[in-house]
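Position 4, counted from 1, in the sequence shown is what UniProt numbering calls 4; the numbers after and before it change by one each time, with no gaps.
Treat the hints as calculated values from the structure; they're not laboratory data.
Check before you lean on any hint, since a few could be wrong.
[Unchecked claim] Now the in silico label distances, taken between C-beta atoms and shown as ranges:
1) 170 to 58: 18 to 24 angstroms
2) 51 to 77: 36 to 42 angstroms
3) 112 to 11: 23 to 29 angstroms
4) 155 to 8: 30 to 36 angstroms
5) 120 to 51: 21 to 27 angstroms
6) 53 to 80: 16 to 22 angstroms
7) 32 to 145: 39 to 45 angstroms
8) 138 to 93: 42 to 48 angstroms
[What the hints assert, rightly or not] The list that follows gives simulated cross-link-like pairs (lysine-lysine, DSSO-like), each with its CA atoms no further than 30 angstroms apart:
9) 131 to 22
10) 73 to 54
11) 141 to 49
12) 131 to 141
13) 22 to 49
14) 141 to 73
15) 22 to 54
16) 26 to 62
17) 54 to 26
18) 32 to 22
19) 32 to 62
20) 49 to 73
21) 27 to 62
22) 22 to 62
23) 73 to 26
24) 49 to 32
For glycine and all other residues, C-beta sits at the position ideal for the given N, C-alpha and C.
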Amino acid sequence: MAKENKEVNYVALVEALIFSSKNKIKKETLLKITGLNVGQLEQLIEYLKIQYQKENSGVALKSYDEHYVFQTKEIYSDYIEELFDITRVASLSTAAMETLAIVAYRQPVTRSEIEEIRGVRVAQTLNTLAKYDLIEELGRKETVGNPIIYGTTNQFLEYLDINNLEQLPEIERVEKLFAKEIEAVEEEKQKSNNNLG
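With the hints as extra help, turn the sequences into a complete structure.
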């Protein structure tokens, strides 16, 4: 069906397209449908983001690696979970977080490369991360055995509330955070062992 040739409110059109999309909508899709250029679209997106940041709105417009989506604001998440009985991504174990960090910073990376860094088997951990849609198979490495290579997903960006991988914190900062986390876990184990003894 042909589009009617009449004045279009592009702010409303972009808003409607993002709202109507089942998943995140790609920037290139918006450009194709609206006929806007990149600068015009980015200006409209920025305008919409500002409008939705206002306190009287329960939703926000988020962008993840040139994909756009409307999401409810974090402040209302408990109420929404109660309404829909949503199961959120469980708190990841230290092992899962370490594995996820390796995938994020070393991608594309194979299971054996991750295991070499961590010093333990990670097959189950990779399955867990894939189940939560934080990592995905990117293909196979052109080497002996053609092992699967892994990378992070848009869901991973959403989970960390960042727009793209360039916004990941520096690796040194992450290593310090993990060191503190591991230290806390070890201290807890030591306390438990002392209480048993």
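Okay, the hints, checked on the actual structure:
{"no.": "1", "hint": "170 to 58: 18 to 24 angstroms", "result": "violated, 34 angstroms"}
{"no.": "2", "hint": "51 to 77: 36 to 42 angstroms", "result": "violated, 21 angstroms"}
{"no.": "3", "hint": "112 to 11: 23 to 29 angstroms", "result": "violated, 50 angstroms"}
{"no.": "4", "hint": "155 to 8: 30 to 36 angstroms", "result": "holds, 32 angstroms"}
{"no.": "5", "hint": "120 to 51: 21 to 27 angstroms", "result": "violated, 48 angstroms"}
{"no.": "6", "hint": "53 to 80: 16 to 22 angstroms", "result": "holds, 18 angstroms"}
{"no.": "7", "hint": "32 to 145: 39 to 45 angstroms", "result": "holds, 40 angstroms"}
{"no.": "8", "hint": "138 to 93: 42 to 48 angstroms", "result": "violated, 24 angstroms"}
{"no.": "9", "hint": "131 to 22", "result": "holds, 20 angstroms"}
{"no.": "10", "hint": "73 to 54", "result": "holds, 11 angstroms"}
{"no.": "11", "hint": "141 to 49", "result": "violated, 39 angstroms"}
{"no.": "12", "hint": "131 to 141", "result": "holds, 22 angstroms"}
{"no.": "13", "hint": "22 to 49", "result": "holds, 19 angstroms"}
{"no.": "14", "hint": "141 to 73", "result": "violated, 40 angstroms"}
{"no.": "15", "hint": "22 to 54", "result": "holds, 24 angstroms"}
{"no.": "16", "hint": "26 to 62", "result": "holds, 12 angstroms"}
{"no.": "17", "hint": "54 to 26", "result": "holds, 24 angstroms"}
{"no.": "18", "hint": "32 to 22", "result": "holds, 18 angstroms"}
{"no.": "19", "hint": "32 to 62", "result": "holds, 20 angstroms"}
{"no.": "20", "hint": "49 to 73", "result": "holds, 12 angstroms"}
{"no.": "21", "hint": "27 to 62", "result": "holds, 12 angstroms"}
{"no.": "22", "hint": "22 to 62", "result": "holds, 15 angstroms"}
{"no.": "23", "hint": "73 to 26", "result": "holds, 21 angstroms"}
{"no.": "24", "hint": "49 to 32", "result": "holds, 21 angstroms"}
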